Amino acid sequence: MWPIIQIETFKIFKRPRTYIAFGAIAALILVIQMGLKIDGESYAAFLMKDINNTLIVDGKVLNGYLICYILLQLLLVHVPLLVALIAADMISGEANLGTLRLLLTTPYSRTQWVLAKFIAASFYTILLLIWLAFLALFLSMWIFGTDDLFLMKSNYVVLIEGQDVFWRYVGAFVFASFSLLTVTALGFLMSSLANNSIGPIVATISAIVFFTILSTLNIPLFSAIKPYLFTTHMNNWKEFFDIKVTESNEAITGSILNVAKIKNSIIVLVVHIILFVSASVWIVRKKDILS
Amino acid sequence: MSVIKVHELSKNFGSLQAVNALSFEVQAGEVFGFLGQNGSGKSTTIRMLLSLIYPSSGSIELFDMPLQANRNKIAERVGAIIERPDLYPYLTAKEHLQLFAKLSKQKISKEQIEKTLVQVGLSSRSADKVNTFSLGMKQRLGIAIALVHNPDLIILDEPTNGLDPQGIADIRHLIQDLAKQEGKTVLVSSHLLSEIEQVASQILIIHQGKKVAMGPTQTLLDPNKAIIHIVTQHDEQALSILGISKYAQNIMQRKDGIYLSIATSEIPVLHQFIVAANIPLMSFELKRSLEDYFLQITSMQ
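Chains as they are written, first to last, in the working numbering: chain S, 1121 to 1411; chain R, 16 to 316.
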């Protein structure tokens, strides 16, 4: 199966569309970084204005770690849309182009083709995430330096020592890879159902928006299904930045407040990935190639 | 040796019967012409031969192996183009051949790729992206993809679509060379009898998913042969009588009656034979030649 994974990856990176996502992420991050570099102090002052009377924060609040957190909060909501551009086009795009029938006359089974395409799309997703990590974390660290990470949550603040932050980002990016692979798998499923490029992309984005709304609505009717929706769990990378504290309210270095929640979210996301990909394989195996 | 054996093959799309109980065999080394108008079921049949479409009923054997159970093994020995030459616009001609050579599970040298490009007349454009190609050039590249892994069976669905007269002649010579010089088996479909008759040693004519005539090209196009259309009150009885007669060949029952081919000199004898068998004959009509018959049933030129 290795040759077809190589070929699928080669095809992804031969298409101009692939680079739109990389370009869009770079443009967004660089613009935000530039803005914060020029006018970051007033932004930090704005963030701190409510707590300046009750808390004195030493050091550099607006450092690379905080910039990365801000960027991830902004971008990890939108990156799925960029992932959908490629993933939701993997099968239907070939059907639309008419090349799917060429591929399916080669000595590889349909299951092998679907899995190879999913692996190639996943590779693209991971690469996009690495690109995001490089720009959002490493570039921010280089431009803004590092210090303790000071986060303001809805009703509490978190202060994480500088030396205790980097591994949390590694964890957050690994977690985000599961979230984005779930989107890849969803896009893939939509792609297996259609013979045109646009429909599955729009359907994937719509599904993400729809389930995100269900996940955020606090209506009792939806409470029973919310724990099983992938959108409920996609943003739980933030759990890496909630730490345990001692009875005297001192942060415990290297701790995560709710490890079980992260584990549970990963399990839910992995189950979704398996379900979506299995359904794609089943659909492609069954269907007549008429395109 | 039969390279293709199709038995009672049918395909339904909902209430539409695209292919209806089609049976035929293609022998090794022959050029088999698959003729029928657009929408007659040719492409559906070809897609079933390539396992792109699953049959509703019937069986397909390629290289004496059931297709369904040996699909990947069989695919290594088959090269095909299916209808339009759909390719990747962002890849060059050479990249296409390299890609499909890699997919063939065979070791294909750079020389073989170059040779294939020369064979279809694309060597001078090998480094150009496909989005700069004309339809004819795409068609040539499609044929090159079908040939690059040196397959034993080549299936060409309407290979001359979009080609200019010179291109059509080139493809015709290529098909003849593949069979005569390289011993390949070629199944070539077209909606033009004139195209098929020049290359094929056997012809199968299909209409509305059903076989309407099949046999050696020379026999089917023999001016001394004719097609007879018979309408009786008891077709089943007529079919059994005709089945034992030594005159009639390629007997087929259709909605509008029975069709058969016969030597023109034996037409009166056949007529007497039917009358003598007491079959209530409503109509006994001579269709002069296969071409007339083909044109009539397919309403085409």
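These are computed hints drawn from the structure, not numbers from a lab.
Here the structure is a predicted model, which is why all the values come from computation and not from measurement.
Don't take each hint at face value.
[Stated by the list, open to error] Keeping only pairs whose Cα atoms sit at most 25 Å apart, straight-line, the calculated SDA-like set for lysine to any residue is:
id : chain 1 : residue 1 : chain 2 : residue 2
1  : R       : Lys109    : S       : Gln1126
2  : S       : Lys1407   : R       : Leu150
3  : S       : Lys1406   : R       : Met297
4  : S       : Lys1407   : R       : Leu31
5  : R       : Lys225    : S       : Val1329
6  : R       : Lys109    : R       : Met80
7  : R       : Lys144    : S       : Thr1174
8  : R       : Lys225    : R       : Leu106
9  : S       : Lys1134   : R       : Ser124
10 : S       : Lys1134   : R       : Leu150
11 : R       : Lys122    : S       : Met1154
12 : R       : Lys302    : R       : Gly198
13 : S       : Lys1407   : R       : Ile75
14 : R       : Lys122    : S       : Tyr1228
15 : S       : Lys1406   : R       : Lys302
16 : R       : Lys109    : S       : Lys1273
17 : R       : Lys225    : R       : Gly198
18 : R       : Lys302    : R       : Leu285
19 : R       : Lys122    : S       : Thr1219
20 : S       : Lys1273   : S       : Gln1126
21 : S       : Lys1406   : R       : Leu31
22 : R       : Lys109    : S       : Val1329
23 : R       : Lys117    : S       : Val1329
24 : R       : Lys88     : S       : Val1329
25 : R       : Lys120    : S       : Ser1375
26 : S       : Lys1381   : S       : Val1329
[Stated by the list, open to error] Quick partial rundown of chain R residues pointing at chain S, CB under 7 Å, derived from the structure:
id : residue
27 : Ile68
28 : Met80
29 : Asn87
30 : Ile97
31 : Asp101
32 : Leu114
33 : Lys117
34 : Val290
Don't be surprised by glycine CBs; every beta carbon is placed ideally from N, CA and C.
For each hint, the structure was consulted:
In summary, the hint linking R/Lys109 to S/Gln1126 is supported, as the alpha carbons are separated by about 17 Å, within the 25 Å threshold. Distance hint between S/Lys1407 and R/Leu150 is unfulfilled; the C-alpha atoms sit about 29 Å from each other, more than 25 Å. Distance check on the hinted pair: S/Lys1406 and R/Met297 sit about 48 Å apart at the alpha-carbon level, beyond 25 Å; violated. With a C-alpha separation of about 17 Å, the suggested pairing of S/Lys1407 with R/Leu31 holds against the 25 Å cut-off.
Straight-line distance between C-alpha atoms of R/Lys225 and S/Val1329 comes to about 50 Å, which puts the hinted pair past the 25 Å bound. Taking the CA atoms of R/Lys109 and R/Met80, the gap is near 33 Å; set against the 25 Å cutoff, the hint is violated. Simply put, R/Lys144 and S/Thr1174 have alpha-carbon atoms about 66 Å apart, too far for the 25 Å limit, and the pair is violated. Note on R/Lys225 and R/Leu106: the hinted pairing is violated, with a Cα-Cα distance of about 40 Å set against a maximum of 25 Å.
Between S/Lys1134 and R/Ser124, the direct Cα distance comes to roughly 23 Å. Compliance with the 25 Å bound is thereby established for this hinted pair. Note on S/Lys1134 and R/Leu150: the hinted pairing holds, with a Cα-Cα distance of about 22 Å set against a maximum of 25 Å. For the suggested pair R/Lys122 and S/Met1154, the alpha carbons sit about 52 Å apart, so the restraint of at most 25 Å is broken. Under the criterion of a C-alpha separation no larger than 25 Å, the hint pairing R/Lys302 with R/Gly198 is inconsistent with the structure, at around 36 Å.
For the suggested pair S/Lys1407 and R/Ile75, the alpha carbons sit about 18 Å apart, so the restraint of at most 25 Å is met. With a C-alpha separation of about 16 Å, the suggested pairing of R/Lys122 with S/Tyr1228 holds against the 25 Å cut-off. In summary, the hint linking S/Lys1406 to R/Lys302 is not supported, as the alpha carbons are separated by about 44 Å, beyond the 25 Å threshold. Among the hinted pairs, R/Lys109 with S/Lys1273 is inconsistent with the structure: their alpha-carbon atoms are about 57 Å apart, more than 25 Å.
Restraint check for R/Lys225 and R/Gly198: not satisfied, since their Cα atoms lie roughly 29 Å apart, outside the 25 Å limit. For the proposed pair R/Lys302 and R/Leu285, the alpha carbon gap of about 15 Å is at most 25 Å, so the pair holds. Between R/Lys122 and S/Thr1219, the direct Cα distance comes to roughly 23 Å. Compliance with the 25 Å bound is thereby established for this hinted pair. The suggested pairing of S/Lys1273 with S/Gln1126 is violated, with an alpha-carbon distance near 44 Å, which exceeds 25 Å.
Restraint check: the Cα-Cα separation between S/Lys1406 and R/Leu31 comes to about 19 Å, which is no more than 25 Å; the hinted pair holds. As the CA atoms of R/Lys109 and S/Val1329 are separated by approximately 42 Å, the hinted pair breaks the 25 Å bound. Under the criterion of a C-alpha separation no larger than 25 Å, the hint pairing R/Lys117 with S/Val1329 is inconsistent with the structure, at around 40 Å. In summary, the hint linking R/Lys88 to S/Val1329 is not supported, as the alpha carbons are separated by about 44 Å, beyond the 25 Å threshold.
Note on R/Lys120 and S/Ser1375: the hinted pairing is violated, with a Cα-Cα distance of about 51 Å set against a maximum of 25 Å. Taken as a hint, the S/Lys1381 and S/Val1329 pair is honoured in the structure, with Cα atoms around 23 Å apart against an allowance of 25 Å. The restraint placing R/Ile68 at the interface with chain S holds, with a minimum CB-CB distance near 4 Å, inside the 7 Å limit. Checking R/Met80 against chain S by beta carbon gives a least distance of about 13 Å; that is not within 7 Å, so the hint is violated.
For R/Asn87, the interface hint holds, since its Cβ comes within 7 Å of a Cβ in chain S; the closest pair sits about 5 Å apart. Taking 7 Å as the C-beta cut-off, the interface hint given for R/Ile97 holds, the closest approach to chain S being about 5 Å. Evaluation of the R/Asp101 hint against chain S yields a held restraint, the C-beta minimum of about 3 Å falling below 7 Å. Restraint check, R/Leu114 versus chain S: the minimum CB separation of about 6 Å is within 7 Å; hint holds.
Of the supplied interface hints, the one on R/Lys117 holds, with its beta-carbon coming within about 5 Å of a beta-carbon of chain S, less than 7 Å. Of the supplied interface hints, the one on R/Val290 is violated, with its beta-carbon coming no nearer than about 48 Å to a beta-carbon of chain S, more than 7 Å.
Hint violations for this structure: numbers 2, 3, 5, 6, 7, 8, 11, 12, 15, 16, 17, 20, 22, 23, 24, 25, 28, 34, all remaining hints satisfied.
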